[in-house]
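Student: Quick mapping for you: the protein sequence lines, in order, are chains A and B.
No gaps in the numbering here: position 304 of the first sequence is 304 in the UniProt record's numbering, and each next residue is one more.
No gaps in the numbering here: position 68 of the second sequence is 68 in the UniProt record's numbering, and each next residue is one more.
Hints should not be assumed to be uniformly reliable.
For chains that are exact copies, the list does not tell them apart, and a pair is met inside one copy or across any two.
List of simulated lysine to aspartate or glutamate pairs, EDC-like, C-alpha gap at most 20 Å [to be verified]: (1) K303 with D189; (2) K244 with E70; (3) K96 with E3; (4) K234 with D211; (5) K244 with D63; (6) K234 with E208; (7) K244 with D286; (8) K188 with E90; (9) K188 with E93; (10) K234 with E264; (11) K175 with E202; (12) K38 with E90; (13) K96 with E343; (14) K234 with E262; (15) K234 with D261; (16) K96 with D63.
Keep in mind that the hints were calculated from the coordinates and are not lab data.
Note that the structure is predicted; figures quoted are calculated from it, not measured.
In case you want the letters, here they are:
Number of protein chains: 2
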Amino acid sequence: MAEMVSNKQVILKNYVSGFPKETDMYVTTSLIELKVPKGSNGVLLKNLYLSCDPYMRPRMTKDMEGSYIESFEPGLPINGNGVAKVLDSENPEFKKGDLVWGMTGWEEYSLITAPYLFKVPHADVPLSYYTGILGMPGMTAYAGFYEVCSPKQGECVFISAASGAVGQLVGQFAKLLGCYVVGSAGSKDKVDLLKNRLGFDEAFNYKEEPDLNAALIRCFPEGIDIYFENVGGKMLDAVLINMKVGGRIAVCGMISQYNLDEPEGVHNLTRLISKRVRMEGFLVSDYNHLYPKFLEMIIPHIKGGKIVYVEDTAEGLESAPAALVGLFSGRNLGKQVVAVASE
Amino acid sequence: MAEMVSNKQVILKNYVSGFPKETDMYVTTSLIELKVPKGSNGVLLKNLYLSCDPYMRPRMTKDMEGSYIESFEPGLPINGNGVAKVLDSENPEFKKGDLVWGMTGWEEYSLITAPYLFKVPHADVPLSYYTGILGMPGMTAYAGFYEVCSPKQGECVFISAASGAVGQLVGQFAKLLGCYVVGSAGSKDKVDLLKNRLGFDEAFNYKEEPDLNAALIRCFPEGIDIYFENVGGKMLDAVLINMKVGGRIAVCGMISQYNLDEPEGVHNLTRLISKRVRMEGFLVSDYNHLYPKFLEMIIPHIKGGKIVYVEDTAEGLESAPAALVGLFSGRNLGKQVVAVASE
Chain A
1 MAEMVSNKQV ILKNYVSGFP KETDMYVTTS LIELKVPKGS NGVLLKNLYL
51 SCDPYMRPRM TKDMEGSYIE SFEPGLPING NGVAKVLDSE NPEFKKGDLV
101 WGMTGWEEYS LITAPYLFKV PHADVPLSYY TGILGMPGMT AYAGFYEVCS
151 PKQGECVFIS AASGAVGQLV GQFAKLLGCY VVGSAGSKDK VDLLKNRLGF
201 DEAFNYKEEP DLNAALIRCF PEGIDIYFEN VGGKMLDAVL INMKVGGRIA
251 VCGMISQYNL DEPEGVHNLT RLISKRVRME GFLVSDYNHL YPKFLEMIIP
301 HIKGGKIVYV EDTAEGLESA PAALVGLFSG RNLGKQVVAV ASE
Chain B
1 MAEMVSNKQV ILKNYVSGFP KETDMYVTTS LIELKVPKGS NGVLLKNLYL
51 SCDPYMRPRM TKDMEGSYIE SFEPGLPING NGVAKVLDSE NPEFKKGDLV
101 WGMTGWEEYS LITAPYLFKV PHADVPLSYY TGILGMPGMT AYAGFYEVCS
151 PKQGECVFIS AASGAVGQLV GQFAKLLGCY VVGSAGSKDK VDLLKNRLGF
201 DEAFNYKEEP DLNAALIRCF PEGIDIYFEN VGGKMLDAVL INMKVGGRIA
251 VCGMISQYNL DEPEGVHNLT RLISKRVRME GFLVSDYNHL YPKFLEMIIP
301 HIKGGKIVYV EDTAEGLESA PAALVGLFSG RNLGKQVVAV ASE
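Can you build the whole structure from these sequences, using the hints too?
Tutor: So this is what it looks like as structure tokens:
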């Protein structure tokens, strides 16, 4: 019989309504056998990094009508993207010692029976990057910007939640293409980050703008060609009245709406007509086939220092509930990661 | 000196807020010389048919922020699309006796100094068609459906304001392509028209549906691939929760919003993400270059009886204010035309 070890886990207590709280989750310890059942096709992972992402909020709700992913189950560990080391495998694609990224549990060790995992292709960058710039958020920024926004050199690009896991990359991609780039974020530190470290041309703190429309007119006197939408609600309404003819809105997320019982109404959609604007929602999972092309582009930029990536790392699984909840109050500065263990 | 004749005119009294009323306009009579000033590049038209179109409502408002077309001027005749005969011309493109369609005044005779007019290419169809199926609404349906919706055979297509000038054609185009087609309209007569004369697979009266979502689920158990949007507001919200993955929404108009001081909020835009929906506004004027191709397609269908066009004709310029106002209460059955004079 294989070794049994203790396994700390983050459990969802109950379905959540409104803003999630730390107490909607709890940390417990169970036992796990570090062995995959024979013939099961599964892998046994030691989790190294876990990712906190906005799409996890809707998963805390029971009935996610029209969703593309299932809800969490109260009483079971939360799951999401992470980076892990394979301790045992009955799956032909993975072997003991492999470093992998993809869907795993919020616990120290996970037995994954239907792996949605990829081998870590480059180990000479920080492993945590596979929860961010080299993982789902990185691919989201890449597919959303290059495939959905149809960007052209010199265009005026606006990004909301711009210092987040996805936004900070979209802004840097747009700068590489020679666009004029403005971001909004929710604190002075984030605005400083955008302007001084991430190379945005302008940035503003939406919480300190009494009139979002006025802020956008100030930053975009000629209007917006591309809006990379991460927040929804009032910001989208303000953007709609500042779009240029032929503008594009890539709808990546609407984080401002996820904690509301009834989403806010958006009032200015007639501008889609007068300005001939295309507004398009997308999911990164439709673009998985572009991952090799993405790596080819991004790895040299990372190594050459042309693209930077800002992470906010919480230490230890115990800090995971607060880290996840913090996303929705905007506490994180950059991509929110949880460091669970070292290799 | 040329003949002076009396010229009945429909004048906008004042800018309008809320629902327009007949009394927002008045009919008066002035005198006009049936002669174009030498060297003016103008044409003198005898108006035959005038078109009542939803986009005319925003033009009755003073400040149309973000609009693509100017407001009407109180005290002057309303203008819009029409069919006319050239009585005199100083413009090299038009000569006396030509039949033309395009922008003209709501009056018996119009002196047009900067013509936005086209020669009537086929005179062997009803001339009123150049306000509808062969004019701006026809081209709107053609460009909106074929160019914006990216339709495929067998797809499920929903059209709001489906018996109107544009909607009735979109539905017939979709049927020609082998789509499943459902329309909504605001009366039993309109629903009968859609099902019995225009070949729609299904139709419903939105005013008699207590729950628009339920009506859409009933008509589209598998969901909607293409929504041709003419109304906005609550209908759009109901459609959003019934879109299929990869669906498209062509935003042609939002007539339900034009008489409101503050447009209704649309709450279900997060569905754009989970269903990867593209929502795109368009203006027919961007597609003028396709008019010859459109005629090539539509004329044989009209002559062969494959496409029918339902008009609602008001007789005489005096009836024009009521006809225009009636658009916004849905009084018209089919394309609303005003017959001003015969050739």
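Student: Now look at each hint and say whether the structure bears it out.
Tutor: Hint by hint, here is what the structure shows:
Taking the shortest alpha-carbon separations for K303 and D189, neither the intra-copy value of 26 Å nor the inter-copy value of 68 Å comes in at or below 20 Å. When the C-alpha separation of K244 and E70 is checked against a cutoff of 20 Å, the pair qualifies only between copies, where the shortest distance is 18 Å, while the shortest distance within a copy is 37 Å. For a Cα distance limit of 20 Å, the shortest separation of K96 from E3 inside one copy, 16 Å, qualifies, whereas the shortest one across copies, 99 Å, does not. In this assembly of identical chains, K234 and D211 lie within 20 Å of each other by CA distance solely inside one copy; the values are 10 Å within and 27 Å between copies.
When the C-alpha separation of K244 and D63 is checked against a cutoff of 20 Å, the pair qualifies only between copies, where the shortest distance is 18 Å, while the shortest distance within a copy is 37 Å. When the C-alpha separation of K234 and E208 is checked against a cutoff of 20 Å, the pair qualifies only within one copy, where the shortest distance is 14 Å, while the shortest distance between copies is 33 Å. Only between protomers do K244 and D286 lie at most 20 Å apart by alpha-carbon distance; the minimum there is 15 Å, versus 28 Å within a single protomer. For a Cα distance limit of 20 Å, the shortest separation of K188 from E90 qualifies neither inside one copy, at 49 Å, nor across copies, at 64 Å.
For the homomeric pair K188 and E93, neither the shortest alpha-carbon distance inside one copy (46 Å) nor that between copies (62 Å) is at most 20 Å. In this homomeric assembly, K234 and E264 come within 20 Å of each other (Cα to Cα) both inside a single copy, at 8 Å, and across copies, at 14 Å. Only within a single protomer do K175 and E202 lie at most 20 Å apart by alpha-carbon distance; the minimum there is 12 Å, versus 50 Å between protomers. Taking the closest pair of Cα atoms, K38 and E90 come within 20 Å of each other only inside a single copy of the chain (6 Å); across copies the shortest separation is 91 Å, beyond that limit.
In this assembly of identical chains, the alpha carbons of K96 and E343 lie at most 20 Å apart only when taken from the same copy (13 Å versus 88 Å across copies). Taking the shortest Cα distances, K234 and E262 sit within 20 Å of each other both inside one copy (14 Å) and across copies (14 Å). Taking the closest pair of Cα atoms, K234 and D261 come within 20 Å of each other both inside a single copy (16 Å) and across two copies (18 Å). With identical chains, the CA atoms of K96 and D63 are never at most 20 Å apart, being 38 Å at best within one copy and 68 Å at best between copies.
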